[in-house]
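Protein chains in written order, with my numbering: chain H, 343 to 490; chain X, 343 to 490; chain V, 343 to 490; chain C, 343 to 490; chain D, 343 to 490; chain G, 343 to 490; chain S, 343 to 490; chain E, 343 to 490.
Be aware that one or more of the hints could be misleading.
Not everything, but these chain V residues come out facing chain C in the computed CB check (under 8 Å) [what the hints assert, rightly or not]: (1) T373; (2) D402; (3) A405; (4) W434; (5) M438; (6) V456.
Below 35 Å or equal to it, Euclidean Cα-Cα: the simulated DSBU-like pairs (lysine-lysine) are [as the list claims (entries may be wrong)]: (7) K362/V x K432/X; (8) K394/V x K369/X; (9) K394/G x K481/G; (10) K394/C x K369/S; (11) K394/C x K481/H; (12) K481/V x K394/V; (13) K362/V x K432/V; (14) K394/H x K394/C; (15) K481/D x K394/D; (16) K369/S x K481/D.
Don't read these hints as lab results, they were simulated from the structure. Note that CB positions come from ideal geometry on N, CA and C, so glycine has one too.
Protein chains: 8
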Amino acid sequence: MELTVYLAGEIHSSWREEIKEKAHSLKLPITFVGPMENHDRSDLIGEEILGKQPGSVFRDEAASSINNLRTEVLLNKSDLVIALFGEKYKQWNTAMDASAALSLGKPLILIRPVELHHPLKELSRKANVTVENVDQAIKALSYIFEEL
Amino acid sequence: MELTVYLAGEIHSSWREEIKEKAHSLKLPITFVGPMENHDRSDLIGEEILGKQPGSVFRDEAASSINNLRTEVLLNKSDLVIALFGEKYKQWNTAMDASAALSLGKPLILIRPVELHHPLKELSRKANVTVENVDQAIKALSYIFEEL
Amino acid sequence: MELTVYLAGEIHSSWREEIKEKAHSLKLPITFVGPMENHDRSDLIGEEILGKQPGSVFRDEAASSINNLRTEVLLNKSDLVIALFGEKYKQWNTAMDASAALSLGKPLILIRPVELHHPLKELSRKANVTVENVDQAIKALSYIFEEL
Amino acid sequence: MELTVYLAGEIHSSWREEIKEKAHSLKLPITFVGPMENHDRSDLIGEEILGKQPGSVFRDEAASSINNLRTEVLLNKSDLVIALFGEKYKQWNTAMDASAALSLGKPLILIRPVELHHPLKELSRKANVTVENVDQAIKALSYIFEEL
Amino acid sequence: MELTVYLAGEIHSSWREEIKEKAHSLKLPITFVGPMENHDRSDLIGEEILGKQPGSVFRDEAASSINNLRTEVLLNKSDLVIALFGEKYKQWNTAMDASAALSLGKPLILIRPVELHHPLKELSRKANVTVENVDQAIKALSYIFEEL
Amino acid sequence: MELTVYLAGEIHSSWREEIKEKAHSLKLPITFVGPMENHDRSDLIGEEILGKQPGSVFRDEAASSINNLRTEVLLNKSDLVIALFGEKYKQWNTAMDASAALSLGKPLILIRPVELHHPLKELSRKANVTVENVDQAIKALSYIFEEL
Amino acid sequence: MELTVYLAGEIHSSWREEIKEKAHSLKLPITFVGPMENHDRSDLIGEEILGKQPGSVFRDEAASSINNLRTEVLLNKSDLVIALFGEKYKQWNTAMDASAALSLGKPLILIRPVELHHPLKELSRKANVTVENVDQAIKALSYIFEEL
Amino acid sequence: MELTVYLAGEIHSSWREEIKEKAHSLKLPITFVGPMENHDRSDLIGEEILGKQPGSVFRDEAASSINNLRTEVLLNKSDLVIALFGEKYKQWNTAMDASAALSLGKPLILIRPVELHHPLKELSRKANVTVENVDQAIKALSYIFEEL
Chain H
343 MELTVYLAGE
353 IHSSWREEIK
363 EKAHSLKLPI
373 TFVGPMENHD
383 RSDLIGEEIL
393 GKQPGSVFRD
403 EAASSINNLR
413 TEVLLNKSDL
423 VIALFGEKYK
433 QWNTAMDASA
443 ALSLGKPLIL
453 IRPVELHHPL
463 KELSRKANVT
473 VENVDQAIKA
483 LSYIFEEL
Chain X
343 MELTVYLAGE
353 IHSSWREEIK
363 EKAHSLKLPI
373 TFVGPMENHD
383 RSDLIGEEIL
393 GKQPGSVFRD
403 EAASSINNLR
413 TEVLLNKSDL
423 VIALFGEKYK
433 QWNTAMDASA
443 ALSLGKPLIL
453 IRPVELHHPL
463 KELSRKANVT
473 VENVDQAIKA
483 LSYIFEEL
Chain V
343 MELTVYLAGE
353 IHSSWREEIK
363 EKAHSLKLPI
373 TFVGPMENHD
383 RSDLIGEEIL
393 GKQPGSVFRD
403 EAASSINNLR
413 TEVLLNKSDL
423 VIALFGEKYK
433 QWNTAMDASA
443 ALSLGKPLIL
453 IRPVELHHPL
463 KELSRKANVT
473 VENVDQAIKA
483 LSYIFEEL
Chain C
343 MELTVYLAGE
353 IHSSWREEIK
363 EKAHSLKLPI
373 TFVGPMENHD
383 RSDLIGEEIL
393 GKQPGSVFRD
403 EAASSINNLR
413 TEVLLNKSDL
423 VIALFGEKYK
433 QWNTAMDASA
443 ALSLGKPLIL
453 IRPVELHHPL
463 KELSRKANVT
473 VENVDQAIKA
483 LSYIFEEL
Chain D
343 MELTVYLAGE
353 IHSSWREEIK
363 EKAHSLKLPI
373 TFVGPMENHD
383 RSDLIGEEIL
393 GKQPGSVFRD
403 EAASSINNLR
413 TEVLLNKSDL
423 VIALFGEKYK
433 QWNTAMDASA
443 ALSLGKPLIL
453 IRPVELHHPL
463 KELSRKANVT
473 VENVDQAIKA
483 LSYIFEEL
Chain G
343 MELTVYLAGE
353 IHSSWREEIK
363 EKAHSLKLPI
373 TFVGPMENHD
383 RSDLIGEEIL
393 GKQPGSVFRD
403 EAASSINNLR
413 TEVLLNKSDL
423 VIALFGEKYK
433 QWNTAMDASA
443 ALSLGKPLIL
453 IRPVELHHPL
463 KELSRKANVT
473 VENVDQAIKA
483 LSYIFEEL
Chain S
343 MELTVYLAGE
353 IHSSWREEIK
363 EKAHSLKLPI
373 TFVGPMENHD
383 RSDLIGEEIL
393 GKQPGSVFRD
403 EAASSINNLR
413 TEVLLNKSDL
423 VIALFGEKYK
433 QWNTAMDASA
443 ALSLGKPLIL
453 IRPVELHHPL
463 KELSRKANVT
473 VENVDQAIKA
483 LSYIFEEL
Chain E
343 MELTVYLAGE
353 IHSSWREEIK
363 EKAHSLKLPI
373 TFVGPMENHD
383 RSDLIGEEIL
393 GKQPGSVFRD
403 EAASSINNLR
413 TEVLLNKSDL
423 VIALFGEKYK
433 QWNTAMDASA
443 ALSLGKPLIL
453 IRPVELHHPL
463 KELSRKANVT
473 VENVDQAIKA
483 LSYIFEEL
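Just chain H, with the same shape it has in the complex (with noise of 0.2 Å):
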């Protein structure tokens, strides 16, 4: 059986790659997917594509159009989302693909600092699980294949 998980939150620092790497030293059949993590690409996406718009907030539409677009096609193929909220940002699209993922049915491993438990306590209550750290999601999806 091999999973396919999507990774939702903050594109500014390394979390995905500690995740891939735990997961592959732990040899887990999982194939991990996520947003375009290039920042710039990332916010570029819209013009380079669909040409120069006129002004940042119809820039910023066009990116998100094509974001969306890559986000709702690879959560559509998978089994299981992990989402990390940072001090940083207000990461509003990492809970929204998060509230996706429960209304798609599929399950939620939440990942945020115990500082952030308050804004976070709707949503970290209709989560599968909780978690402070990339280590304890590994766990978690590790414990899904144990035994199998």
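Once you have looked at the hints, place chains X, V, C, D, G, S and E on chain H.
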């Protein structure tokens, strides 16, 4: 034809009152519902019902379970969702409610100041309509009933 | 038993009035809903609510977001959809509304002149009933209530 | 990760070949499917299988039943739909396929010349991405696989 | 609490009248709906609305499109379906309606003489309840409202 | 806004009366529904309607088919489910109803004595709220209507 | 692209073998599945697994529970359903399987002799394609793969 | 055709090994999955991943969140569920998994000793097949693949 509209978003300003009054003065046949707006009551409802919890994380989890119950019942009864984002607060449950609405096939109006266009660009692209203030949202609601 | 019927199609002729009057004279317990029939208002509603847009493509996109909101709310409330195609106009949103109705499990009556049978043959095969004029559609509606 | 992409739209030009070749040269792991591109065969398949029909309306209905069967099977197998609209033809089945894709939760890329922005504004607002040519669609497809 | 019940099955005997009268005398808050019981009207409705058809197969297809429209609208509005099979007739549309009800998540009561148990065994196993006569079905309906 | 609430659980104590009275005294606009509370009638309803069965297993199967019919109709009509577990009985149908509610997207309040926390831990984690007594459940219901 | 096709219908003639051979000779990438074709085994499987039952009705019910299990598993795995009706037998489970397929969003090819057009008219109108013999069904299957 | 089967039920006896061995000796193309069978590990996994919890209720809640994650991922991947009830334990999560399977449209085989027929009568009536031992369940699984 009557509609039920869920008003998702922060509970620190009086934007819901403004919407209700304007809809009332336009005689729109709309019932508005939404989260508990008494902030303290929203935070304390968990311990009030479930008893003293062992620390703030558990108290938040208790409160969020009751608040999620309310949101889920009322969201299920709604025909349309309006989600308002402001300059302050994390507002991740607003993003979560907005995304849940979309996943349930319920139309969504997003209200946000233009300053927030960048962090909300993905959600904005998924909403039916994105506006900057309550007056615009009321016009959109009113348009649904025009010439019916 | 009362039904709500969405009338999809062009807004340049008075076919909706004709259906409403005939249903009224037959005392059919039907509430009819549909798109904004004031063509200018439909085209300008985007800029009226969202403000001046940078060119006609963006103005159209703004208008369509409001019009789609209206359609989605009213289509969700409907028990049956009637879609009328005429000789003029592209009418792609009529095709889109008809297909959305089918996908939502809502029965569909298609009205089209026989001259259009070829380009509409795939949609016709998916509709519950395909007729050529409003009188036939009224007879089909009336038949639903007969001898109940 | 491999994707299946349904190419909806007119069958009179070679746009599908162009997409397939460009995807092939980029080594994108995509299987493309779509409607019968042999126009005569598409129109005659009804009578070929079901026998001589009593007139052109019935011949079209017979053909459309077979063509709808093909579309439904292949659309159900797809992860993403690309719908192309051109200057000619009614293309109502393209609109129907695009709307069916959206209703089934499948992401949609819309290709249309900018001249058609007005009649397609409602569909465009519902599509994930709207572009003007095949090259832009290929870039969007390619972006899904980048840095995975 | 009021229920709507669709009565699927042959239209040659007066079993529907019997159910309605017994439910009425028990003051059950039920609205009964069902197919057109006037057999000739049911067979001729296609040509009455769509005009003369080229032969009996096409006349039947025309009639069935109108009858299916009626069934689909009324079945969608129902909370429960009762399907009655008798000794005569093919009754394939009864089987079709019963299966559609199950697929839509609507509870099903099957009425059939015990002599038909063998050919109906698969459908019987899927129905919520299988009984042999109208009186038993009324008792099951009545039980739903008892002590509420 | 009025709600319908299904009360799943054992039928040997008067907990449903307690909930109904307390909701009534708080003037909550709730209609309560639930299983047949007359235990003998619940066990005998199968043979009463379907006739003498060949042994206790078949008698139980007959009864359960009628009881499942009732539950399915009433659960479909409900906006929220309360499931109460007590110290006695297997209560597997309570677990089944609770799980069916969750799968149907209906919010769930679980009532159970804290002594049962271990065997119910998986269901508790899926419920919206888990409480220990009827008074807490009433508070949660009441909170839904507060300040609306 | 490979398809799985469920062959619903009577198990007294060799029509399934005919379809399989013809599909094989055309090298169509199709896996065919279907009900148990050994009639005695199909009727006796209930008692073989569940033990001696108290009479023929219960024996049939036992058998149908196993046969329904098989059908449900295989139907869920299928991309398309072919349902064949012949002159003999009640064939209500064929009607049931055909309707279940439609409700699950799976395309349906109906095969029936033209003599049966009247009793099957409602099902025929819902099927994607209605043909009279196996050769026509094979042509329709083959058409799905043409020029892919 | 390969199937994935989820084995729900108690983890104190070796019934899963028995099923796997018998399926293996019959060369059935089935992958079996199920809950963590190491009981201590199942109870302690919450604290192992989430850290020390404030008391047994919270420890159970932590464990159940991880166990539910595993169940949900594996149940989503399954084509069929077998649920076994024994004489001991509450087994409410078995009832919950069985009901979740039914709600997800996945066929269910129920294994229970005949002594438990009364408390399981409602679930039994909803299952596709109810048997008394593992050998019978294997025969039902085997029957699905016979003569394919």
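Here is what the structure says about each hint:
{"no.": "1", "hint": "T373", "result": "violated, 23 Å"}
{"no.": "2", "hint": "D402", "result": "holds, 4 Å"}
{"no.": "3", "hint": "A405", "result": "holds, 7 Å"}
{"no.": "4", "hint": "W434", "result": "holds, 4 Å"}
{"no.": "5", "hint": "M438", "result": "holds, 4 Å"}
{"no.": "6", "hint": "V456", "result": "holds, 7 Å"}
{"no.": "7", "hint": "K362/V x K432/X", "result": "violated, 49 Å"}
{"no.": "8", "hint": "K394/V x K369/X", "result": "holds, 28 Å"}
{"no.": "9", "hint": "K394/G x K481/G", "result": "violated, 45 Å"}
{"no.": "10", "hint": "K394/C x K369/S", "result": "holds, 28 Å"}
{"no.": "11", "hint": "K394/C x K481/H", "result": "violated, 65 Å"}
{"no.": "12", "hint": "K481/V x K394/V", "result": "violated, 45 Å"}
{"no.": "13", "hint": "K362/V x K432/V", "result": "holds, 25 Å"}
{"no.": "14", "hint": "K394/H x K394/C", "result": "violated, 54 Å"}
{"no.": "15", "hint": "K481/D x K394/D", "result": "violated, 45 Å"}
{"no.": "16", "hint": "K369/S x K481/D", "result": "violated, 56 Å"}
Hints 1, 7, 9, 11, 12, 14, 15, 16 from the list above are not met by this structure, while the remaining hints are.
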